[in-house]
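Visitor: Residues per chain are reported as follows:
Number of protein chains: 2
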Amino acid sequence: MAVPTVASQAAATPVVSVEVDTPTYLEVPDFQRVAVIGDYAAGVTMDDFELACRGLYRALTIREKYMRLAFQRFPRTASQYLRQIEGESFRPEEQLDPPKEGEDPFDVKNLPKNLGYVARMKDALITLSNTNSPHFCNTYTHRRLKFLMSKFNVHEMLNEMEEMKEVKKNPHRDFYNCRKVDTHIHAAACMNQKHLLRFIKKSYRVDAERVVHNLKGKEVTMKELFQSLNLHPYDLTVDSLDVHAGRQTFQRFDKFNAKYNPVGASELRDLYLKTENHINGEYFATIIKEVANDLEEAKYQYAEPRLSIYGCNANEWNKLSNWFVRHRVYSPNLKWMIQVPRIYDIFRGRNFVPHFGKMLENIFLPVFQATIDPQSSPELSIFLKHVTGFDSVDDESKHSGHMFSTKSPKPEEWDIAKNPSYTYYIYYMYANIAALNQLRKQRGMNTFMFRPHCGEAGAITHLLAAFMTADNISHGLNLKKSPVLQYLYVLSQIPIAMSPLSNNSLFLEYAKNPLLEFHKKGLVVSLSTDDPMQFHYTKEPLMEEYAIAAQVFKLSTCDMCEIARNSVLQSALSDEEKRHFLGKDYLKEGPEGNDIRKTNVPQIRMAYRYETLCYELNLIKEGLKSE
Amino acid sequence: MAVPTVASQAAATPVVSVEVDTPTYLEVPDFQRVAVIGDYAAGVTMDDFELACRGLYRALTIREKYMRLAFQRFPRTASQYLRQIEGESFRPEEQLDPPKEGEDPFDVKNLPKNLGYVARMKDALITLSNTNSPHFCNTYTHRRLKFLMSKFNVHEMLNEMEEMKEVKKNPHRDFYNCRKVDTHIHAAACMNQKHLLRFIKKSYRVDAERVVHNLKGKEVTMKELFQSLNLHPYDLTVDSLDVHAGRQTFQRFDKFNAKYNPVGASELRDLYLKTENHINGEYFATIIKEVANDLEEAKYQYAEPRLSIYGCNANEWNKLSNWFVRHRVYSPNLKWMIQVPRIYDIFRGRNFVPHFGKMLENIFLPVFQATIDPQSSPELSIFLKHVTGFDSVDDESKHSGHMFSTKSPKPEEWDIAKNPSYTYYIYYMYANIAALNQLRKQRGMNTFMFRPHCGEAGAITHLLAAFMTADNISHGLNLKKSPVLQYLYVLSQIPIAMSPLSNNSLFLEYAKNPLLEFHKKGLVVSLSTDDPMQFHYTKEPLMEEYAIAAQVFKLSTCDMCEIARNSVLQSALSDEEKRHFLGKDYLKEGPEGNDIRKTNVPQIRMAYRYETLCYELNLIKEGLKSE
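Residue numbers (the UniProt record's numbering), protein chains in the order written: chain Z, 1 to 627; chain B, 1 to 627.
Treat the hints loosely; a few may be bogus.
Stated by the list, open to error - Computed Cβ-Cβ distance ranges for the label pairs, DEER-style:
| hint | chain 1 | residue 1 | chain 2 | residue 2 | range |
| --- | --- | --- | --- | --- | --- |
| 1 | B | E209 | Z | D585 | 37 to 43 Å |
| 2 | Z | R579 | B | M149 | 54 to 60 Å |
| 3 | Z | K255 | B | D345 | 55 to 61 Å |
| 4 | Z | K398 | B | K554 | 20 to 26 Å |
| 5 | B | K554 | Z | I416 | 38 to 44 Å |
Stated by the list, open to error - Among chain Z residues calculated to face chain B with C-beta under 7 Å, some are:
| hint | residue |
| --- | --- |
| 6 | D235 |
| 7 | V238 |
| 8 | D239 |
| 9 | T538 |
| 10 | T557 |
As the list claims (entries may be wrong) - With a Cα cut of at most 16 Å, we get these calculated EDC-like pairs of lysine to aspartate or glutamate:
| hint | chain 1 | residue 1 | chain 2 | residue 2 |
| --- | --- | --- | --- | --- |
| 11 | Z | K512 | B | E509 |
| 12 | Z | K168 | B | D242 |
| 13 | B | K169 | Z | D235 |
| 14 | Z | K319 | Z | E379 |
| 15 | B | K539 | Z | D294 |
| 16 | B | K168 | Z | D235 |
| 17 | B | K169 | Z | D242 |
| 18 | B | K554 | Z | E509 |
| 19 | B | K539 | Z | E297 |
| 20 | Z | K165 | B | D235 |
| 21 | Z | K169 | B | D235 |
| 22 | Z | K169 | B | D242 |
| 23 | B | K168 | Z | D242 |
| 24 | B | K165 | Z | D242 |
| 25 | Z | K165 | B | D242 |
| 26 | Z | K168 | B | D235 |
For the record, the hints were derived by calculation from the structure and aren't laboratory data. Each residue gets a CB set at the ideal place from its N, CA and C atoms; glycine is no exception.
Turn these sequences into a full structure, and let the hints steer you where they fit.
Guide: Right under this line is the structure:
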């Protein structure tokens with residue numbers, strides 16, 4: 001399919017007249033298109049428009065490069081436009097290529113043009129500043145996003161009946177039997193509170209006399225353990241279990257973390273929610289398998305639970321993979337991820353690690369070794385086959401004070417007690433994952449996606465770091481604060497796993513959640529539960545998450561099915577599974593890549609999204625034509 | 001337990017100093033009370049305060065009388081205060097009692113005082129006006145409600161930890177195993193959309209060749225029926241079924257009503273959701289029994305479904321009770337109600353009834369006859385044992401133009417095509433139910449509660465009519481618009497079944513729903529689903545309703561358990577069931593009437609509610625002292 005083009009007559013005035021070639025697709029019903037004639041760059045001068053486009057182009061090429069290096073994803077459509085831009089006017093990047101045959105190596109015509117930055121020495125380091133650029137880029141992207149929002153509203157008003165018609169005509173498929181993936185869920189909170197309560201009571205009925213814990217050096221039975229806590233499981237209720245987030249946790253990540261302890265007792269967290277304990281994590285494995293069983297029965301739901309690797313010592317991977325293999329914690333409906341908490345400061349404070357480099361070594365070296373010689377650690381090698389990616393987790397609102405730059409100490413030199421910044425963590429995780437993936441790709445092994453928590457709180461630099469390094473992210477709330485980044489996330493179609501119920505308990509009231517706004521503007525959002533144990537009430541947490549979003553934001557069936565489709569795309573489900581759930585051409589972009597019989601997403605919606613994205617990318621191309 | 005008193009020194013200034021005697025109860029933990037010293041009547045003059053109190057007193061005595069006449073409920077605490085007021089200064093009402101012994105029948109001292117109304121002849125009818133009274137009553141009650149809101153907020157801040165402590169200490173009981181009643185649900189929409197879809201497909205697999213319908217005089221099989229609709233059930237999805245409310249139904253009751261027709265076909269509504277059809281309502285009975293089965297399995301959930309009696313002909317009761325008995329539509333988890341749609345205008349237009357009186361006769365006469373001679377209609381008599389009340393239903397925003405007054409035509413005279421007003425309907429339903437209840441009470445039979453839809457939309461006079469006639473109501477949204485009525489509903493503790501998800505699809509966005517505000521101010525609110533088929537997504541609609549309210553309004557466990565307790569109180573569950581679910585003293589008001597082991601509602605919350613209500617009632621007593 002041809003990429004739709006926008007024919008423009010570049011002019012010295014900010015008003016540029018634009019015409020859209022209406023593309024023709026197979027199997028997209030007629031619908032009313034929102035065409036904008038003129039004024040697309042209104043409000044910014046032509047010069048600013050061109051500068052903004054240049055900045056956006058640069059940013060996109062940087063992400064493209066970083067994604068390629070780590071075997072992560074970058075959308076084909078965006079790449080096509082970037083190539084067109086380069087073909088027409090640009091050199092992709094200033095590289096030290098030798099001059100080609102026939103080129104005069106002393107020709108000044110090929111020198112790049114003036115960037116217009118101001119260079120100053122500051123703290124013994126040259127720093128560049130460009131006071132205009134961020135400003136006009138903000139203005140331009142802000143206007144584009146506002147336009148995207150209004151355009152979606154108009155599209156919806158004009159075409160919602162037509163979209164519904166497609167959906168109603170589509171046999172056998174509705175929202176209930178569309179595949180949906182819980183793209184962000186922590187294994188230690190993947191069961192709901194009632195499930196955990198039931199499990200604790202059941203375990204006591206069966207195992208009261210079993211030795212399950214080491215209490216101050218002494219082995220104790222479950223009965224003795226509960227006695228030491230002055231508890232009897234028979235009396236426990238959801239209230240006394242006290243793992244649900246309430247009003248008390250709002251804006252209090254510390255109080256929220258304490259909710260992982262049933263009845264406030266870390267001993268019970270150890271016993272029921274940990275992979276390493278006196279019973280080798282048997283209960284935790286059983287609970288997870290029960291959750292998986294519910295998903296298998298529900299049939300259309302999948303989840304991507306996170307297990308922790310802390311980087312505190314080199315043996316963690318062996319223990320975790322031993323747990324995984326021993327208890328055969330496998331389900332076709334689960335795809336595993338590794339989460340790394342950003343708590344170097346705690347380990348350093350207790351002298352568990354000498355410097356940050358050691359933590360990174362504990363996290364990555366065992367995986368490299370198992371990749372180099374799988375036979376040397378068979379359980380880990382098996383486990384790694386089921387690991388699909390890495391997450392970086394912790395309270396983003398904690399500020400480190402450190403600003404990552406080329407001047408920053410290397411990880412081996414980082415031996416102070418203070419935590420490195422978010423960006424520092426992200427960069428070194430990305431760099432290791434990229435190297436690891438190159439090695440594994442060579443060997444024909446599965447590679448890992450980097451999918452950090454990002455933009456739940458804290459500085460917007462987090463979202464910048466993830467823009468360069470992450471295949472996709474969780475949360476992304478703070479994109480609200482930066483139009484430039486938000487627009488870049490639209491252009492590069494970076495999937496965002498959003499959890500409005502989690503946010504509602506921690507950072508942002510439900511009705512203020514930007515989910516609907518993001519969805520309308522064309523960000524690729526999915527819905528996820530984060531922590532059913534803390535946030536959800538019903539037996540089907542993911543359905544609860546969808547139902548509440550549908551009710552509060554008045555989502556249509558099309559919206560919900562589109563979000564479900566996004567979740568499958570974002571997930572680490574295999575190519576085979578994605579072909580089965582989305583259609584064989586799911587890797588193609590636009591309506592061609594959609595099979596309504598499987599996704600229940602109308603082709604009109606797909607065409608709207610695709611044409612809208614192409615229009616925006618084309619604008620950048622137009623802005624760079626004069627170069 | 002003594003009613004707590006407020007000692008006041010009445011003064012000529014609006015600032016009245018008040019002290020609260022802290023009551024002592026058994027088994028209420030210490031908590032911090034919000035005492036207000038002074039200024040309770042600030043903002044209104046002493047005269048206005050007294051006038052407002054007189055008006056509120058009058059209103060409460062009117063409701064008390066009407067409830068007594070119909071064997072409906074009026075709270076004991078309010079009655080106690082009314083008696084105290086009367087003992088101290090007042091005669092309850094001006095009645096034409098003969099003079100008591102020793103009284104001078106010509107004594108002018110006993111003449112009532114000047115009401116201050118202005119009497120004028122208008123349209124050949126004397127009308128009374130009192131321009132001051134409503135105004136100052138609005139001001140006063142508005143201030144009281146604002147105060148109640150702030151007081152609850154302060155109480156919550158001071159005591160939420162203490163309340164939670166009680167709840168956590170309470171063994172075996174949490175929100176999940178508190179009894180909750182779906183206090184407002186229509187039988188024809190009591191299954192969710194997925195359930196109906198599954199049922200239709202299943203029925204086709206089993207019954208394709210069965211004669212199920214009469215199509216233009218010809219008996220047809222299910223297969224033929226679906227063929228005539230150009231449908232095959234195998235292809236049906238939730239989308240093509242199209243019974244769910246969407247954005248299209250907001251503010252469009254007409255479009256909402258059309259959603260009762262699966263696939264837009266009234267034939268399918270007849271076949272699956274009606275008690276009267278070619279298969280004697282067998283499918284509808286089966287679906288309801290499946291819903292009941294789910295409730296029985298969930299164990300802690302009950303529902304009060306409404307079945308329709310239209311008043312179109314005299315045979316409806318026999319048909320309905322035949323359906324009920326034939327299919328044995330019984331479940332311990334269901335309590336039945338009769339809903340009467342306010343659609344006289346349609347029946348009159350088609351000449352089904354000669355006048356409104358005939359409609360009332362069709363609705364009530366068969367019930368009177370079965371009460372007088374149960375053997376004459378055994379099925380109806382059996383059915384009536386399971387009927388617990390009457391509901392009045394339809395779009396309240398339709399305006400009739402008629403103003404009910406003593407000048408209004410009698411029902412037998414009402415032979416025009418125009419519909420009578422809401423108030424007219426309500427009055428005649430109440431009057432018939434009151435008479436019927438007196439008869440049935442005499443015979444030791446169960447009586448019926450009047451529980452109309454009221455205040456979902458339309459004029460606030462609806463809420464006034466229900467204040468005088470209804471045991472409890474559904475919706476009540478418009479109490480937002482009248483502080484006087486809202487305050488009266490607080491004082492007389494009239495239960496309100498609220499359905500924010502239904503409102504969200506029809507009349508009011510979720511976040512703007514007054515549920516939380518009403519709850520804080522001390523209105524007795526419960527949560528109900530209204531129409532799961534149209535509004536809900538999950539398998540447990542009532543839990544979905546609670547979960548969403550909990551999430552959006554950040555309800556605490558105490559709030560949720562209090563609302564669940566309210567739902568049991570509001571419901572028509574039997575005395576035996578209520579004793580079992582709420583505690584043996586549930587009829588007592590205040591903390592005495594609560595058994596936390598059964599309700600999980602903390603005694604601190606009960607004491608707060610009780611003392612707050614007593615304080616408000618006592619204010620009225622104070623205001624009337626000077627009389």
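Visitor: Now look at each hint and say whether the structure bears it out.
Guide: Checked hints:
1. E209(B) <-> D585(Z): 37 to 43 Å: Holds - the Cβ-Cβ distance for E209(B) and D585(Z), about 42 Å, lies within 37 to 43 Å.
2. R579(Z) <-> M149(B): 54 to 60 Å: For R579(Z) and M149(B) the Cβ distance comes to about 56 Å; the hint holds.
3. K255(Z) <-> D345(B): 55 to 61 Å: Holds, at about 58 Å.
4. K398(Z) <-> K554(B): 20 to 26 Å: holds, 24 Å
5. K554(B) <-> I416(Z): 38 to 44 Å: holds, 40 Å
6. D235: holds, 4 Å
7. V238: Interface hint status for V238(Z): holds (4 Å vs cutoff 7 Å).
8. D239: This hint holds: D239(Z) lies near chain B, its Cβ roughly 5 Å from the closest one there, short of 7 Å.
9. T538: holds, 5 Å
10. T557: For T557(Z), the interface hint holds, since the closest Cβ of chain B sits about 6 Å away, which is under 7 Å.
11. K512(Z) <-> E509(B): holds, 14 Å
12. K168(Z) <-> D242(B): holds, 8 Å
13. K169(B) <-> D235(Z): holds, 9 Å
14. K319(Z) <-> E379(Z): Distance ~9 Å between K319(Z) and E379(Z) Cα, so the pair holds.
15. K539(B) <-> D294(Z): holds, 14 Å
16. K168(B) <-> D235(Z): Holds: K168(B) and D235(Z) sit about 10 Å apart, inside 16 Å.
17. K169(B) <-> D242(Z): Holds - the C-alpha atoms of D242(Z) and K169(B) are around 11 Å apart, at most 16 Å.
18. K554(B) <-> E509(Z): Between K554(B) and E509(Z) the Cα gap is close to 9 Å, so the pair holds against 16 Å.
19. K539(B) <-> E297(Z): holds, 14 Å
20. K165(Z) <-> D235(B): holds, 15 Å
21. K169(Z) <-> D235(B): holds, 9 Å
22. K169(Z) <-> D242(B): holds, 11 Å
23. K168(B) <-> D242(Z): Judged against 16 Å, a Cα distance of about 8 Å means the pair holds.
24. K165(B) <-> D242(Z): The hint holds at about 11 Å.
25. K165(Z) <-> D242(B): Holds - the C-alpha atoms of D242(B) and K165(Z) are around 11 Å apart, at most 16 Å.
26. K168(Z) <-> D235(B): holds, 10 Å
The structure shown violates none of the earlier numbered hints.
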